[in-house]
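Throw the hints in and build the complete structure from the sequences for me.
In order, the protein sequence lines correspond to chains A and B.
First residue of the first sequence: 100, per my numbering; consecutive thereafter.
First residue of the second sequence: 1455, per my numbering; consecutive thereafter.
I should point out that these hints are in silico values taken from the structure, not numbers from a laboratory.
There could be a bad hint or two in this list.
Said to hold, decoys possible - If the Cβ cut is set under 7 Å, some of the chain A residues that face chain B in the computed set are: (1) 154; (2) 165; (3) 169; (4) 203; (5) 606; (6) 787; (7) 821.
Glycine included, C-beta positions come from ideal geometry on N, C-alpha and C.
In case you want the letters, here they are:
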Amino acid sequence: MRNGDSTHQEPQAIKASPPLRTEPLVEPSSTPYKELPKGPVGRSERRIDGPEKVLGTALYGADLFFGKADYFAQVVRSEKAHALIRSIETGDALRMPGVVAVYTAKDMPGTNRQGLIHRDHPVLAEDRVLYRGDGVAIVVAESERAVRRGRDAVKVLYEELPVVADFDDALAEDAPRLHPDGNIMGGKRIRKGDADAALSASDVIVSETFVTQTVDHAFLDIEAGIACWDGHLLTLHVSGQWAHEERRLTALALGLPMEAVRIITPATGGAFGGREDLSMQVYLGMVALKHPGKTIAMRYSREESMRARHKRHAMRIHYTIGAMRDGTLTAAKITVYSNEGAYASTGPAVLRKAASHATGPLRIPNVYVDVYGVYTNNNPTGAMRGFGACQMAIAYNGMMDRLAERLGMDRADLWKQNLIHSGDAVTTGQIIPIATAVECLDAALRQYRAKKQHDRPLAPHERRGWGISVICFGLGYGDGFPDASRATVRLTPAGRLEVYTGGVEYGQGLLNMAGQVAAEELGMPFSLVDVIWADTGRTQESGSSSATRQTYFTGNAVKIAASELREQVLDIASKLLPVHPHELDLHDGKAVGRFNPSLVVPMAKLIEEGRKRGYSLEASGIFKPRTVCEDFDTGQSPRSFITYLFGSHIAQVVVDMETGEVRVERYVACHDVGKAINPQSVAGQMIGGATQGIGMALMEEVVMDGGVMRNANFTDYILPTFRDVPTIETIILENDDPGGPFGARGIGEPPLIAATPAVLSAIGNAIGVAPHTTPCNPQRVWELLYPDDAQTPYAARLTTAPPHALLSK
Amino acid sequence: MATDSTTWQLRCTVNGRPIEAEVEPDETLLFFLRDKLGLTGTKGSCLEGECGSCTVIVDGRALNSCLVLCPQMQGRRIETIEGLANGDKLHVLQDKFLASGAAQCGYCTPGLIMAAKALLDQNPNPTEQEFFEGMEGNICRCTGYAAICEAIRSAVQQWK
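In structure tokens, the structure reads:
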């Protein structure tokens, strides 16, 4: 410490350094579940895949090359955002030493089409490219060095076409048509009550236009994999998040029967929706088919990963909300334009999710929503954590802040007055039996107020503020989409419990979830569990690891399978003892008499006897709940989603009024997860999700300029680091879901959805101007503070505003 | 010392093992470790020194292996994630990462563990400022930073 400098703080020891994790605070259930877990469910068991990950022995896509790869492949990608292909000259590339072959669309054996919902995306461009990054040709060589040289030597002659750079270009009358049906990919509407009449009868109307950015998933494990065709079976090891769908789409694009493709997902380092579209499966598969017996390897560079792959939808949300003077919400009228980029990807699902989550957990009797997806010559946009729901959460949370300001009300009071309670309906008309938005908000507020830290004194140029967000999220695909998970459990002769699921583990904790549920049901120690996952040759379809669905869906499928196996085991025990199976229980790896605890048979003995007596010691389960498609004209459905999740976050920020820089100083996250099967894993998802949400609020943005991505690298695409995220205080509420495994709902997406609006709300509270554009990087904050000095005033940039955006009164 | 115009004779040690190999002068240490030695625990991600996934320790200092070329490694002592565990016994950082739930997707984990080891080897009780300086070169996209800090903090208490 310098002499006489009283403000200089002594460096703190690491013991006190943020960001630390506080123990997740688990609040007990108010609706006790009938089967209280006695085993691993509810315990923070160590990750099954943890040891190999800390040892560095887990094998991700690119780790499979060593000693296996015969040939390397690379994709030649379009350098134009919109152009006709005049010719592809491959001669120079083929003359490069080590280059084996160059393939173009005419070499593709199947449909040459990919796309999760519409098969509209040529794997290799045929006559036209629609974004910079579209695949044009594939080069195959004996080494990575040679394949890069070969790729750079392929010459593509283009005839450039006018570029549709953004919404306004796409909607212009003379806009080039990017797809046969025009530039509107599709839409979704909600019509509930009479929004126009209710708005004119309201005391207060507030309108705002929110502009959200394009976000890259930025998973660290870049796309990579290997493939081999043995003349009968094409085996692909490629990082992914839905092995069985990858098999179907790959087979289709390559003209193979589905049975001739096997997908084995290697260790996968993050996905966040970014691996839902096919990455390189068809490219690898096609090259493998041309070179039987050879193992083909392929990996993207970071730049290729960012330029070629789909992103989060940028949205322009025109939001008008009406209220009475006492704060009661009356109506909302909402128009959303969503930048779909060049191809549909999962866009239709994102649009529908945006519409059904347009008012979140708010009780608004009259709602009118129009959502449009608009094609542009940007990267395709598709699935990303919170798909559609997170953009809308920015808007409805932002509106609540503006309304509280207009009405002179406390923000938390205004929220509580308008949040749905159990038995109320969301925008789609679906009644929510257990709605815990108010409980989440209260718990977050209690934590925030009770542990009010010693805030450091502010410098004269700094302002401090805090913000609230409250969100809901319907889990699963819902909306009538057939959605099912399957699982198999098996007791092995060695006395271990094997769980088979088609679901992909990419870090979110699926293996522990499935393993802990199975071990709980069979009364086995968790250390005896093995999980076999995402191999289309060994596991059954369990749907995608997305939409926050695996805990609910695969958790239930595992529980159904394990409970049937449990019956077999009890039956064996009842023959050995002999007592009625109902008088026996399974725990700690043995069958024990419920009334006579001296009756004990260890599991090893039960397995041995079962095998002798002809029991299968194996069972399968399927969980396939029904949802009802939202009505085309009104968007109403009695059961669009199987269940809903609620959460509330509070952020505290300090804004530098001179530079526009924002620092998050304190953070509270509360979610109702039904039941935390593994509390450490749940808290991990909450912290990781909140971190991504903070990134979306403050720094992450894919900058597109006339169809050109300006920041396809981690130097210019800014991600949150150690210094950007404070301690995230996690509160887990457990209000059992009657249909969830052991009462569990899920956790994947809601933490991200809630985080971005909480930070924006805090910024608005600090500077007195509510943000409308993400990310709130220093430049944007500065433009909010000094709008007259902005290069292009915000309002002048919004040329597509619908009439209701001007209703504010 | 170049043996001919295109290849180099590289001599160094990796995890205590002497290595002699022919390398090309523009080959990165990351590529050499993974694709020549098969030490795939060291990961590549941004490939331009921003994310720290490829962190290894060279002569006691953490380095981004994607940014250094093999000829720069002449005579150096290189440590990678594969050299940490002692047979079945995890290194204290590995154990604490596992216990704290600091490895979810696991892709940033080897780089983080090596950065933390370099930091604590040099300074077993870092201040907050020193901690950030040692760790801020590593990005985690899925776990967030809290569990990682907790893991390193609890390793500090057992650091020898």
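List of violated hint numbers, smallest to largest | 3, 4
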